[in-house]
Amino acid sequence: MRGGPARFPRPEFLDGDEERRLLVFGMLDGVRSGSELAAEEEFTEAMSAQAGRTMAALHQLPFQSADFPGPDPHPYPPVEDLRSLPLEHYVNATGAFIQGWGLLQRDAALPDGLERLRAAEADAARVPIHGDLRPDQFLLTESALYVNDWEEFRLGDPARDVGAYVGEWLHRAVPRIPAQETDDAFSATLTHEEVVARGRPAGPLPCR
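Note that the numbering used here has the sequence shown beginning at 8, numbered continuously upward.
Simulated from the structure, these hints should not be mistaken for laboratory data.
These numbers were taken from a predicted model, which means no experiment stands behind them.
Incorrect hints may have been included.
Pairwise CB distance ranges, derived in the manner of DEER restraints [what the hints assert, rightly or not]:
no.	residue 1	residue 2	range
1	132	83	19 to 27 Å
2	29	53	30 to 38 Å
3	104	40	23 to 31 Å
4	31	151	16 to 24 Å
5	49	114	20 to 28 Å
6	53	76	25 to 33 Å
7	73	184	23 to 31 Å
8	184	119	21 to 29 Å
9	94	48	27 to 35 Å
10	206	124	18 to 26 Å
11	177	111	14 to 22 Å
12	112	150	44 to 52 Å
13	111	182	30 to 38 Å
14	182	20	13 to 21 Å
Glycine is no exception: its CB is placed at the ideal position from the N, C-alpha and C atoms.
Given these sequences and hints, build the entire structure.
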């Protein structure tokens, strides 16, 4: 990641320690994170377009397979554990974790869908991906919109980055549907149009 096109803005990589799993990047001054901008509804369509161009540039970076020895599948989601939780994980888990995991395991459509996604991902062309893309990984300065946090950088399906970005905006939008100031126990059932209007993501979807 020391090289790469100038159109791919990211903090300067200074050094790393593979044994300690440590990466050091140059400090950026006067930054605002994408999550902060999204919370204040200031993540504009122009920013989203820039985010899309940046990720497209990442996915097109030249690479040598020798720099990525062996298959390195992304650890999430751990679809095997959705069918049965390993004993080691079970005995070390909190009650809340077990309760949440039980909800996932009883949702038959969810493991099936995740397994299909994993299978499709395995067949996709592998290119450099961020691997953990969310709005808070974008840092806005006066000069550029940077991408940060590269712990999950690897070869993979570029759809993972695009899906993570879109999914974050949908995650932010869905809780807004019932949580309106005028809602109470006696509110009328929402119409389809009202659900769609309220569920519109509170921010722009990516342009590529």
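Against the structure, the hints:
{"no.": "1", "hint": "132 x 83: 19 to 27 Å", "in the structure": "holds, 20 Å"}
{"no.": "2", "hint": "29 x 53: 30 to 38 Å", "in the structure": "holds, 34 Å"}
{"no.": "3", "hint": "104 x 40: 23 to 31 Å", "in the structure": "holds, 27 Å"}
{"no.": "4", "hint": "31 x 151: 16 to 24 Å", "in the structure": "holds, 20 Å"}
{"no.": "5", "hint": "49 x 114: 20 to 28 Å", "in the structure": "violated, 35 Å"}
{"no.": "6", "hint": "53 x 76: 25 to 33 Å", "in the structure": "violated, 39 Å"}
{"no.": "7", "hint": "73 x 184: 23 to 31 Å", "in the structure": "violated, 49 Å"}
{"no.": "8", "hint": "184 x 119: 21 to 29 Å", "in the structure": "holds, 26 Å"}
{"no.": "9", "hint": "94 x 48: 27 to 35 Å", "in the structure": "violated, 46 Å"}
{"no.": "10", "hint": "206 x 124: 18 to 26 Å", "in the structure": "holds, 22 Å"}
{"no.": "11", "hint": "177 x 111: 14 to 22 Å", "in the structure": "holds, 18 Å"}
{"no.": "12", "hint": "112 x 150: 44 to 52 Å", "in the structure": "holds, 47 Å"}
{"no.": "13", "hint": "111 x 182: 30 to 38 Å", "in the structure": "violated, 19 Å"}
{"no.": "14", "hint": "182 x 20: 13 to 21 Å", "in the structure": "violated, 36 Å"}
Consistency note: the structure conflicts with the earlier hints numbered 5, 6, 7, 9, 13, 14.
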